[in-house]
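Keeping the supplied structure of chain A fixed, place chain B upon it in accordance with the hints.
What follows is each chain in one-letter form.
There are 2 protein chains.
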Amino acid sequence: MRIFLVGMMGSGKSTIGKRISEVLDLQFIDMDEEIERREGRSVRRIFEEDGEEYFRLKEKELLKELVERDNVVVATGGGVVVDPENRELLKKEKTLFLYAPPEVLMERVTTENRPLLSEGKERIREIWEKRKQFYAEFRRIDTSRLNEWETTALVVLEALDEKEISTIEKPHLVKIILGGFKRVRNEELVFTTERVEKIYGRYLPENRLLFPDGEEVKTLEHVSRAYYELIRMDFPRGKTIAGVGGGALTDFTGFVASTFKRGVGLSFYPTTLLAQVDASVGGKNAIDFAGVKNVVGTFRMPDYVIIDPTVTLSMDEGRFEEGVVEAFKMTILSGRGVELFDEPEKIEKRNLRVLSEMVKISVEEKARIVMEDPYDMGLRHALNLGHTLGHVYEMLEGVPHGIAVAWGIEKETMYLYRKGIVPKETMRWIVEKVKQIVPIPVPSVDVEKARNLILNDKKILKGSRVRLPYVKEIGKIEFLEVDPLELLEVVD
Amino acid sequence: MRIFLVGMMGSGKSTIGKRISEVLDLQFIDMDEEIERREGRSVRRIFEEDGEEYFRLKEKELLKELVERDNVVVATGGGVVVDPENRELLKKEKTLFLYAPPEVLMERVTTENRPLLSEGKERIREIWEKRKQFYAEFRRIDTSRLNEWETTALVVLEALDEKEISTIEKPHLVKIILGGFKRVRNEELVFTTERVEKIYGRYLPENRLLFPDGEEVKTLEHVSRAYYELIRMDFPRGKTIAGVGGGALTDFTGFVASTFKRGVGLSFYPTTLLAQVDASVGGKNAIDFAGVKNVVGTFRMPDYVIIDPTVTLSMDEGRFEEGVVEAFKMTILSGRGVELFDEPEKIEKRNLRVLSEMVKISVEEKARIVMEDPYDMGLRHALNLGHTLGHVYEMLEGVPHGIAVAWGIEKETMYLYRKGIVPKETMRWIVEKVKQIVPIPVPSVDVEKARNLILNDKKILKGSRVRLPYVKEIGKIEFLEVDPLELLEVVD
Numbered sequence: 000m001r002i003f004l005v006g007m008m009g010s011g012k013s014t015i016g017k018r019i020s021e022v023l024d025l026q027f028i029d030m031d032e033e034i035e036r037r038e039g040r041s042v043r044r045i046f047e048e049d050g051e052e053y054f055r056l057k058e059k060e061l062l063k064e065l066v067e068r069d070n071v072v073v074a075t076g077g078g079v080v081v082d083p084e085n086r087e088l089l090k091k092e093k094t095l096f097l098y099a100p101p102e103v104l105m106e107r108v109t110t111e112n113r114p115l116l117s118e119g120k121e122r123i124r125e126i127w128e129k130r131k132q133f134y135a136e137f138r139r140i141d142t143s144r145l146n147e148w149e150t151t152a153l154v155v156l157e158a159l160d161e162k163e164i165s166t167i168e169k170p171h172l173v174k175i176i177l178g179g180f181k182r183v184r185n186e187e188l189v190f191t192t193e194r195v196e197k198i199y200g201r202y203l204p205e206n207r208l209l210f211p212d213g214e215e216v217k218t219l220e221h222v223s224r225a226y227y228e229l230i231r232m233d234f235p236r237g238k239t240i241a242g243v244g245g246g247a248l249t250d251f252t253g254f255v256a257s258t259f260k261r262g263v264g265l266s267f268y269p270t271t272l273l274a275q276v277d278a279s280v281g282g283k284n285a286i287d288f289a290g291v292k293n294v295v296g297t298f299r300m301p302d303y304v305i306i307d308p309t310v311t312l313s314m315d316e317g318r319f320e321e322g323v324v325e326a327f328k329m330t331i332l333s334g335r336g337v338e339l340f341d342e343p344e345k346i347e348k349r350n351l352r353v354l355s356e357m358v359k360i361s362v363e364e365k366a367r368i369v370m371e372d373p374y375d376m377g378l379r380h381a382l383n384l385g386h387t388l389g390h391v392y393e394m395l396e397g398v399p400h401g402i403a404v405a406w407g408i409e410k411e412t413m414y415l416y417r418k419g420i421v422p423k424e425t426m427r428w429i430v431e432k433v434k435q436i437v438p439i440p441v442p443s444v445d446v447e448k449a450r451n452l453i454l455n456d457k458k459i460l461k462g463s464r465v466r467l468p469y470v471k472e473i474g475k476i477e478f479l480e481v482d483p484l485e486l487l488e489v490v491d
Numbered sequence: 000m001r002i003f004l005v006g007m008m009g010s011g012k013s014t015i016g017k018r019i020s021e022v023l024d025l026q027f028i029d030m031d032e033e034i035e036r037r038e039g040r041s042v043r044r045i046f047e048e049d050g051e052e053y054f055r056l057k058e059k060e061l062l063k064e065l066v067e068r069d070n071v072v073v074a075t076g077g078g079v080v081v082d083p084e085n086r087e088l089l090k091k092e093k094t095l096f097l098y099a100p101p102e103v104l105m106e107r108v109t110t111e112n113r114p115l116l117s118e119g120k121e122r123i124r125e126i127w128e129k130r131k132q133f134y135a136e137f138r139r140i141d142t143s144r145l146n147e148w149e150t151t152a153l154v155v156l157e158a159l160d161e162k163e164i165s166t167i168e169k170p171h172l173v174k175i176i177l178g179g180f181k182r183v184r185n186e187e188l189v190f191t192t193e194r195v196e197k198i199y200g201r202y203l204p205e206n207r208l209l210f211p212d213g214e215e216v217k218t219l220e221h222v223s224r225a226y227y228e229l230i231r232m233d234f235p236r237g238k239t240i241a242g243v244g245g246g247a248l249t250d251f252t253g254f255v256a257s258t259f260k261r262g263v264g265l266s267f268y269p270t271t272l273l274a275q276v277d278a279s280v281g282g283k284n285a286i287d288f289a290g291v292k293n294v295v296g297t298f299r300m301p302d303y304v305i306i307d308p309t310v311t312l313s314m315d316e317g318r319f320e321e322g323v324v325e326a327f328k329m330t331i332l333s334g335r336g337v338e339l340f341d342e343p344e345k346i347e348k349r350n351l352r353v354l355s356e357m358v359k360i361s362v363e364e365k366a367r368i369v370m371e372d373p374y375d376m377g378l379r380h381a382l383n384l385g386h387t388l389g390h391v392y393e394m395l396e397g398v399p400h401g402i403a404v405a406w407g408i409e410k411e412t413m414y415l416y417r418k419g420i421v422p423k424e425t426m427r428w429i430v431e432k433v434k435q436i437v438p439i440p441v442p443s444v445d446v447e448k449a450r451n452l453i454l455n456d457k458k459i460l461k462g463s464r465v466r467l468p469y470v471k472e473i474g475k476i477e478f479l480e481v482d483p484l485e486l487l488e489v490v491d
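In order, the protein sequences belong to chains A and B. First residue of the first sequence: 0, per numbering that gives the first Met the number 0; consecutive thereafter. First residue of the second sequence: 0, per numbering that gives the first Met the number 0; consecutive thereafter.
Errors might be hidden in some of the hints.
Said to hold, decoys possible - Okay, the calculated beta carbon distance ranges per label pair:
# : chain 1 : residue 1 : chain 2 : residue 2 : range
1 : B       : L172      : A       : E480      : 33 to 39 Å
2 : A       : K292      : B       : L395      : 45 to 51 Å
3 : A       : K475      : B       : K238      : 30 to 36 Å
Said to hold, decoys possible - For lysine-lysine, the following DSSO-like pairs were computed, each having C-alpha atoms within a straight-line distance of at most 27 Å:
# : chain 1 : residue 1 : chain 2 : residue 2
4 : B       : K169      : A       : K260
5 : A       : K260      : B       : K260
6 : A       : K57       : A       : K129
Stated by the list, open to error - Facing chain A, according to a computed beta carbon distance under 7 Å, are these residues of chain B, among others:
#  : residue
7  : Y226
8  : Y227
9  : T258
10 : F288
11 : A289
12 : V295
13 : G296
14 : F298
No wet-lab data here; the hints were simulated from the structure. We treat Cβ as the ideally placed atom computed from N, Cα and C, and that holds for glycine.
Isolated chain A, as found in the complex (with noise of 0.2 Å):
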C-alpha cells in the first residue's frame, strides 16, 4: 500500500502521515525530509545554493523512486502538484488533497525553513490561489472542522480498499470489515449524530436523520421525533433503518426500528470501539426513562451489522480508552489476545492491526456467549466482570463506565487473590494491564459512601450475596457468591 498526501503547508500532512504509518503499518517519508538527508542540508540552502528549480528536479526523481515502492505513507512538498508529470504520477496512486482555507492555514505555520516563507505568512494567500486548480485535481479531505485523529480516519478510511476480517453469522450477521463503512452510502435511511456527520458526512446518504450525540438521544422525546418523521416519510416495514454512532445511538435506533410498524429492517454501523466490541452484538436496545438508564427496551437482533475498525481512529482519548476495557475484558473471559496487551504501544497508537483482532475477538466472543444465553437469563452475566466494584468507583468518582470497570476488575481481583481464590500470577497480570491500558491508578474512596450506595441498591437485599463472576486464571471463568460489604475491603 502507498498513500501520498497533497496539500498547503500547514495543512498537516507530516504530523497526519507520521499517525497513518503507525496506524497502517507503513514507513513514513516527509518528501522534504528525505531530500533534505539525501542533499545533507536544509531545503531553504538548496533553495539559496542551488534554487527552486533545482528542488523541484530532486523532488520528481523522489516522486519517481516512491511511487515503486511498497508500504509507505508520503507527505509530499507542498509544490510537487504543480508540475504535470508528478500530478500524472500521483493521479495514479491514493492521493489524498488535505485542505484547509488559507486563513486556518496561516494560523498553524510557522515560517522557520519554509523558503517560499521568506516574505511572510501572507504568501500562503498567493501561492494558494496559484495552486488551488491543481489541488483539486484530487480528492479532497477539509481539514478545518477535524481534529488530527479525524482527519487520520477520514484519510485511511478514503485510502483503504475493502478487506474482509471475519464474519459472523449467529446471532445475527456481523462483518467486520476495514473499508467496510463505506457501504453506509447504499443505505435507505440512517439515524446518525452531528458529530459522526461533521466526520463521515460524505459517505452518508441524503436520507438521514440528525440526533444528539451520546446517551442524550435515550430518550422517548427523540423517539417521538423518530416515529413523526417515519411517518412522515411513510417509511415502509420493508425498509432498513441503519443506526451509524456510538452505543446510545445504536440502541437508540433498535428501540425505534424495533417499534415502529412492529419491526422495520435495522442495521448498525457502530462507530465507537466500545460500541463495535459490545453494543452492537446481542441485540439488545434500550431508552432511559425517569432518570433510569435502560428500563425501556426490546430484544431485537439488527438484520446486519458492518463493523469498520478504521472508524474508531476519529474517538477521542478517553473513549478510546473504555473500548480498550471492554476487549481487554473479553480477553480475560476468553484468554484469547493476550498477545494483543503485550503491546501497549499499539493500541496507543491505535494500530489497525491490533484493533482489528481485538474487534474480532471481542465480537465472536461476545457472539458465542450471546447464542449460549439470547435472553440475557444467566450465563450473560459473566460479562458484568468488573460490575460490582466498578458501579462504586462510577458513582462515587464520577469517572467513566470503561474506566470504572477497568478499575473494578483490578480491585476485584486483588480481593479474590488475597481471599487465596486467584492465584497470584493472574492477579498480576492483569493488575499490570490494567495499569498500561488505564493509567490513572485507583482512587481509594469513601468506605462508609460505598457501604451506603451498596446498602441502597434494591437489587443488593441486606446481608445477601451478589453472584461475582471472577477469573481464575486467563480465560476461564467462575462464579463466588460474596457478601458485597466484605468487597469493600480493598477500596480503602
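Then chain B, alone, in the frame of chain A:
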C-alpha cells in the same frame, strides 16, 4: 345447575333471572308467579283471603321442591329470607343477593300486585330495615351502578364453577374457561379500565392500575404513565402484567410489557367479544401515534391468555355485535360453526353455550392462521376479508369497525357474485346472515367520495390492484387481484 336470586322487590330478580335462563339454558321460575299459577289467584288475593301466613307456607313448600330440581334459575319472593329454615336451604344453594339501596328500589317498583306496598312505596324502607340482616347472609351483588347485562354477567360469573372449553398451546397458551375470569385474583399486577373495575372489581387484585376505556389509552402518554408506575413499584422482569379489558387495553398492555425492561411477563384476560375472538391471539400489540392507528408496537406473544366468555355478557349492544361479526368472519374463513348462525336468537340472547363455541372456533382458527404466518407476511391477509370496502364504509359513514366489516363482507361478496366468481348459494347465505347479525341496511355511499378515499390511500397506487380475499364456498378462502375502483360499482 340451580341459581337462586334473593333481594327486595325491585332489585331485578325477575328481569335478571329471565336473562340468566336464556344465557345458561335454564328454566326460569318466579316463585310468586308459580304460586299464583298453582293457587289460581294473585298474591294480593291470597293475602286478602288467607293471610300472609298461608302464603309463606306455600312459599316454603315450593322452595323445598325447587331445591330438588335441576337446571333452574329462581327468582324468589322478596320475603323468602325471613324464615330461618328457608335461609338454611338457600345457603346450601348458589344463592345471590341482588342489592340496591331503598331509594333506588323505590324508583324501580310499582305498587301493583304488591300487597306489602298497599300503604305506599315508603314501606320499602321499613321492610329493608327488617330484612337486611337476613339478606346479609348471602353473597351480595350491588346492582345500583350496573345495568341489566352487567348484573347478569356478574351473577352468572358468581354462580359458575370453572368449566374448561378449550386449551390452545400454540402460538401461545390460550385457555378458554367458563368462570375462568376469577383467576385474575391471583395476578401480580393488573392493567385495566374503569369500566372493568366497576363491574368486576371484586375479582381484581389490590395491585392494579386503571387506564381509560377504548382507543384513548393507546398513546405514548399513557405508556409513559405505565413506565413511571412500574419504576415506582420497582417491578421486576420475572413478574407478570395482566391486561384485563378490551382490545385497546390488551394492545396497550402488550406494548408496555414487551418494552419495559426489555420484556416482563404478560398475560391477557380479554373482556370484550372482539378481543376474545381476535386481539388476544397472535402477539401483535400497538399504540397509535400522530393520528396513525397502530403505527407503533411489537410482536410479543403473551405468556398465557385466559378467555372467559361469561364476561362478554356485560357488553353494550353495539360492541357485542362487532364481536359477532368477527366470529362470523372466522366461520366463513374456516367453515366451522356454520350451525351457530342458524340460531340467531340464541346469539342475540347471548346464550353461553353458543358464545363459548363461537369463541372456541374463532380462537382455534386464529391460532392456526397465526402459526402459519407469525409475522404477518401473507396468510394473515385472509383475515382482511371484507376490509377493503369495510374501510370505505367506516370512513364515510362513521360506523363502528365491526359493522363496516360486515357490510364490506356482504358487498364484496355481491361484487364477486356478479362477476360470476362466487356462486349464488354462497352469496345468498352470506347476505342473509349478515342481515341477521347487523339488521341495519347497508347505506349507499357517495361514489365520488369513495373514489377519492381509495385513490388517496397511499397503499393503493393509482391503477394498481388490491389482493382481495374472498370466499368461494364457506370455509374455502381464495384471493383475487381486483381494481379497487371497480369494486365501487356495488356500493352505489
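Verification of the hints:
no.	hint	verdict
1	L172/B - E480/A: 33 to 39 Å	holds, 35 Å
2	K292/A - L395/B: 45 to 51 Å	holds, 48 Å
3	K475/A - K238/B: 30 to 36 Å	holds, 35 Å
4	K169/B - K260/A	holds, 24 Å
5	K260/A - K260/B	holds, 20 Å
6	K57/A - K129/A	holds, 22 Å
7	Y226	holds, 5 Å
8	Y227	holds, 6 Å
9	T258	holds, 5 Å
10	F288	holds, 5 Å
11	A289	holds, 5 Å
12	V295	holds, 5 Å
13	G296	holds, 5 Å
14	F298	holds, 5 Å
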